[in-house]
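**Student:** The lines below spell out each chain.
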Amino acid sequence: MDLTVLTEHASEIGSGFLVTLWTWGGGVLAGAIVGLIIAVIQLSAGPWVRGVLRCYIEVIRATPFLVQLFLLYYGGPSLGLSLSPMAAGLIGLGIYGSVYFAEIFRTGFTSIPRGQQEAAAMLGMTPWQIIWRVQIPQMLVLILPALVNFTTILGKETPVLSIITVPELTFVLTGIGAETFAYVETLLALCVGYFLLAELCSRLGQWLERRASRYLTQGVRQRGALKPRESAA
Amino acid sequence: MNQSTAKRSAGDVMLEARGMSKRFGEHTVLQDINLSIQRSEVVCLIGPSGSGKSTLLRSLAFLENYDDGEVFVEGELLGYDRARDGRRVRSRPSRLSDVRRNMGMVFQQFNLWPHLSVVENVMEALLRVRGMKSADARRLALTTLEKVGLAEKADAWPNRLSGGQQQRVAIARSLAMSPAIMLFDEPTSALDPELVGEVLQVMRQLAEEGMTMVVVTHEMGFAAKVADRVLFLDQGHIVEQGPPTRLFRHPQSPRLAQFLGNYLERNTLFEAAPAPNHVDD
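Residue numbers (the numbering used here), protein chains in the order written: chain E, 100 to 332; chain S, 246 to 526.
Warning: the hint list may mix true and false statements.
Unchecked claim - One side of the interface only, derived from the structure: several residues of chain S facing chain E at Cβ under 10 Å:
#1 S336
#2 P338
#3 R346
#4 G349
#5 F355
#6 V374
#7 M377
#8 K378
#9 P403
#10 A415
#11 Q503
Note that these hints are calculated values from the structure, not bench results. As the structure is a prediction and not an experimental result, all values here were calculated from the model. Glycine included, each C-beta is placed from N, C-alpha and C at the ideal position.
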């Protein structure tokens, strides 16, 4: 094994890593925002709109990401939609992720007792204030594991973008492997790269979980970062 | 109809239902409810389970939409707007909030927000709805918590408090918005018997200060001592109403007599009742 092939291509690998990070982050952000919007609309809309959203979710969930991406990138131009590989990749990840995020958020919304919203409404809070200030902070505790889980899965879908030539980590490293015949080294480097990303994601998730569940764990175990808020009862 | 939509002079009638009906599917839960509540009046709604008393209270706040009739809060139609063609359409949330601006509500399950501390629960609407500055909101929240005897719990999480304390926080949260009408939906039904008294005490104090109150309750002792008027509901109708002494001592309808008989020897309500609360079972 000769790891110098990696050090020689360090800058390409680094930029591939950044592109992966960017497509992943962008895909998660787009997917989560669209998913949240879908979930909110599902809660309040009439049966017709809900039916349309249900269809969207079912279709996207039932088809492979690769097929969706091909359809978007290669089929798009025939519908007048010509996208750069990067744009197609981000939009594709966003669409694919949105339905899973929507389902996670929907579960979260339905887990918060209705009375909490009624109390807020009776105090004059607007529907958006109720979502942001009452429902989301509480449901985060419940759905964070699912969110982190799916975010990790979405990260591991980003190599698919290499097929439409997005210069992300897999595209760069398999390219180097093909050029230099150092297949093992590059594939191992790929594993390490994705492991680091997933680990980063999981750490971030743990930190968020601790923050979001303060009101449940408070008094059981105090972390340095958490300000004590209660005099001993 | 026209006169009813016009705003009445401020003053006397705080809350009014006219011919209000409510159905769940085929089942009629409230039928032709007519009710008028004056400023500073304390009205208790009593009745067996399923009689519609909670649904009536929730309809008065439009947490349930009523099907027929009208509800007016200080002269303003609640929950619906008149369209040009005379039909009524459901109000937008902002309009609904505006009509309810002087109305507070306390729930059986408290419904405190568990992710906010006690004082933050009370501050939330002051910040987001009233637009108060944080320091001012905190000051007002603490003053209000003082009133219900819980200022020292300001920084606790709600789920660290007893049920009675949580309900008092919920009352404070409502009171901080300085409502003119307070609705209570079985405020003590989820509490351990020994915690009931502290909540009723706070409610009694509010009544003495002249708050207009509508209370759905099973606490006959409270109804007897604090209410100006008691309404007995059965099967979606107001069967009987009047001052508590008359209703409890001389029930006219057999249904009410039976209901009260199930609760207690009714005369003991007015004789040596040692505690100001909790006379049932």
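**Student:** With reference to the structure, classify each hint as holding or not holding.
**Tutor:** Here is how each hint holds up against the structure:
Evaluation of the S/S336 hint against chain E yields a violated restraint, the C-beta minimum of about 12 Å exceeding 10 Å. Taken as an interface hint, S/P338 checks out: its beta carbon lies about 5 Å from the nearest beta carbon of chain E, inside 10 Å. Checking S/R346 against chain E: minimum C-beta separation of about 6 Å stays under 10 Å; hint holds. A hinted interface residue such as S/G349 counts as satisfied when its beta carbon comes closer than 10 Å to some beta carbon of chain E; here the least separation is about 7 Å, so the hint holds.
A least Cβ separation of about 8 Å between S/F355 and chain E falls short of the 10 Å threshold, and the interface hint therefore holds. At about 4 Å, the closest approach between the beta carbon of S/V374 and any beta carbon in chain E falls short of 10 Å, and the interface hint on this residue holds. Because the beta carbon of S/M377 sits about 13 Å from the nearest beta carbon in chain E, more than 10 Å, this interface hint is broken. Of the supplied interface hints, the one on S/K378 is violated, with its beta-carbon coming no nearer than about 17 Å to a beta-carbon of chain E, more than 10 Å.
A hinted interface residue such as S/P403 counts as satisfied when its beta carbon comes closer than 10 Å to some beta carbon of chain E; here the least separation is about 8 Å, so the hint holds. Interface restraint check: S/A415 against chain E, minimum CB-CB distance 7 Å, threshold 10 Å, status holds. The interface hint given for S/Q503 is violated, since its Cβ lies 32 Å from the closest Cβ of chain E, which is over the 10 Å cut-off.
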